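**Q** Top line first, the protein sequences correspond to chains A and B. Quick note: my numbering has the first sequence finishing at residue 407, numbered continuously throughout. Quick note: my numbering has the second sequence finishing at residue 418, numbered continuously throughout.
Please keep in mind that the hints were generated in silico from the structure rather than gathered at the bench. Since the model is a prediction, treat every value here as computed from it, not as a measurement. Any given hint could turn out to be false.
Which chain A residues stay away from chain B? Per the calculated CB distances, all over 12 Å, these [what the hints assert, rightly or not]:
{"#": "1", "residue": "Lys71"}
{"#": "2", "residue": "Ser186"}
{"#": "3", "residue": "Gln245"}
{"#": "4", "residue": "Gly304"}
{"#": "5", "residue": "Pro309"}
{"#": "6", "residue": "Arg344"}
{"#": "7", "residue": "Ile345"}
{"#": "8", "residue": "Pro372"}
{"#": "9", "residue": "Thr380"}
{"#": "10", "residue": "Phe381"}
To be clear about the criterion: a stretch of chain B counts as covered by chain A if any three or more of its residues have a C-beta under 8 Å from a C-beta of chain A, and this derived list gives those stretches [stated by the list, open to error]:
{"#": "11", "segment": "309 to 315"}
{"#": "12", "segment": "331 to 341"}
Glycine included, each C-beta is placed from N, C-alpha and C at the ideal position.
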Amino acid sequence: MLDIRSLSKKFGSGDSAFQALKSIDITIEEGEFFTLLGPSGCGKTTLLRLIAGFEQPSGGQLVLDGKDIATTPPNHRPVNTVFQSYALFPHMTVAQNVAFGLEARGTNPAEVAPRVDEILGIVQMAHLRDRKSSQMSGGQQQRVALARALAPRPRILLLDEPLSALDLKLRKQMQFELKRLQRELGLTFIFVTHDQDEALTMSDRIAVMDGGTLQQVADPRTLYDHPANRFVAEFIGEANFLSGTVAGGKLSLIGQAPVPLPRGADASGPVTVMIRPEQVVIGAAGGDAITADGRIEALVFSGTDTHVTLRLQNGDTLSLRAPNNSHATTTFAEGEPLRVSLPIGALRLLPEDVADAA
Amino acid sequence: MPRNPTAAANESAVMRAETRRRWSLALPALTVITLCSILPLGVMVAYSFMEAGQYGNVQWGFSLEGWRAVFLDRDFFDDSYIPATAHLTILARSILLALATTALTFVFGIPTAWFIATRPPATRAYWMFLITVPFWTNLLVRTIAIQEVIRADGTLNRLLLATGLIDEPLQMMFTNGAVLVGMTYVYLPLMVLPVYAAIEKFDFRLAEAAYDLHASRLYCLRRVVLPLMWPGIVAGSILVFIPALGAYVTPRLMGGGRAMMWGNLIDLQFGQGRNWPLGAALSITLTLVVVGAMVWYARRAAKGAETNG
Ligand SMILES: Nc1ncnc2c1ncn2[C@@H]1O[C@H](COP(=O)(O)OP(=O)(O)O)[C@@H](O)[C@H]1O
Ligand SMILES: [Mg+2]
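So here's chain A without its partners, still in its complex pose (with noise of 0.2 Å):
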């Protein structure tokens, strides 16, 4: 539906330009929950804006339903934004700023009250269409940012960071309410967001973006277990590092004796391998592993497990997770050893990291 094909954007010229965006492809789905994800200053809201309208790209193609909007001023666009900032009309009511963008575009005034309504009811802010939108609470204007730029029925809606504002409690109210409305309206959002809890529990697929660049793009389930460079996966979830060497087919790690390489996996000389916590037994694991043993360094309490920090005979540490349910039955010490397994299906080859090498 949205084709964004080798999209560049350079700010400034000269000596003091700065390449925001290098060459990004990305093609969105009808209906999809997209996630922009990376960290801050990593160029999302400027793709956010390409894609919006307010910046022209430097290069590349912007292309919606086979056409290319890529010089298409914004108001002319089938895309409407909700603001990190939501930007609300503050000399407006609520109503009123949700009928804004029906009335610029010359609906007919008979339609825009039912429709204004219709919105209101859908993000449950009916019972305050006549406040004023300064007079509201962070929540609240979220919600009426919300109504006022669906209110013109997008074929894609984009929201920058819209949840960042709110307190914790509710955010996470919001995150799931977002989620249902963008379900149950059949609507394609591209979401930008640099907290990467929010991006796995509410997306359909995410785009991980590092320095302008695009570092994968996949499914929350994909991120996480086959992240495709060290930057992802240590920016997606927890994850421990060890270096290896290949030779002849065979992994060397830890010290221990080689095995060979997980299924799909091909290198050969020295390698990043990467491991989950969560994915490191505790013991001897039954079928292909590397068995190694340790001394506990460090243990902190979390709720429903407790970190392990382990320090490997071969010098290497390893993170890992140590469930606290009652029938567990090893009990931990700082100081004790420990023989810990890595099943050979749970380990991730990763291409060396260019930046890293240098």
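Following the hints, put chain B with the ligands in place on chain A, whose structure we already have.
**A** For chain B with the ligands alone, coordinates are given in the frame of chain A:
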């Protein structure tokens, strides 16, 4: 809930003390207002009801002659009263010129203010300085400067003659147009300053939001930009209109005796005319016109705010 009587008494004592404190805080302001505003105005009102002295000044004694002369002239031949059409003409000209000045400062001031407010913050102070620099020079000097530009052998005429666009100098001095040009130049900063403040305060993300919501530039201007800048525009218009209505130096120098304004008429009575009661009555009339216009505007604005919700 029944209230404790001593608590209520205490409360009222506290409130009385609070009231006293407020009044004492307001005292300096009240003094200034009384000395600089109410007292002179009272003197003017009093003068307007006195008799004219032979060599200017006023004489004790109640008289309505001053007020009569504002509206009615004594016929030269048969002593009957006829409407003072000359005064009406001058009042009408003053109002029209003040309105035109306001309109012109608006037309030139809005783009100027917009231009300055959209410069990088570091250079804004520099532009503001340029706009306010004429303010630091004497009004007389400024007016003579603009005279220099438009008089018969002035810069503009010489320029036009040199380029061959005209064959003989244009007579621009001592016309309503000359007064208008002079006043627009003099009062422009008074429009630019409040409008600039309003534009600078304006959150341009709102314009972006409007644009995102399918508004054309014009629609955005009408529904979002103008309503939010309206207070600044009104302030600028009032700041220009009121002094323009009572202007004296600029119309005197640019209009001479031919394009006289109300302020010059007042000046005449206190000077050559030696009719202080008439001068005072003319001043009060001007004040009433201004106050009337302000009340009318305030009423209308209040009504507008009500209907807009
Ligand atoms: N108008 C602009 N001019 C120059 N640089 C900009 C402009 N807008 C954004 N940038 C730069 O582009 C980079 C990406 O910004 P942005 O897209 O806002 O990041 P994010 O939303 O991911 O935090 C930042 O380094 C920012 O400083
Ligand atoms: Mg951003």
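**Q** Honestly, which of those hints from before does the structure not fit?
**A** Failing hints: none at all.
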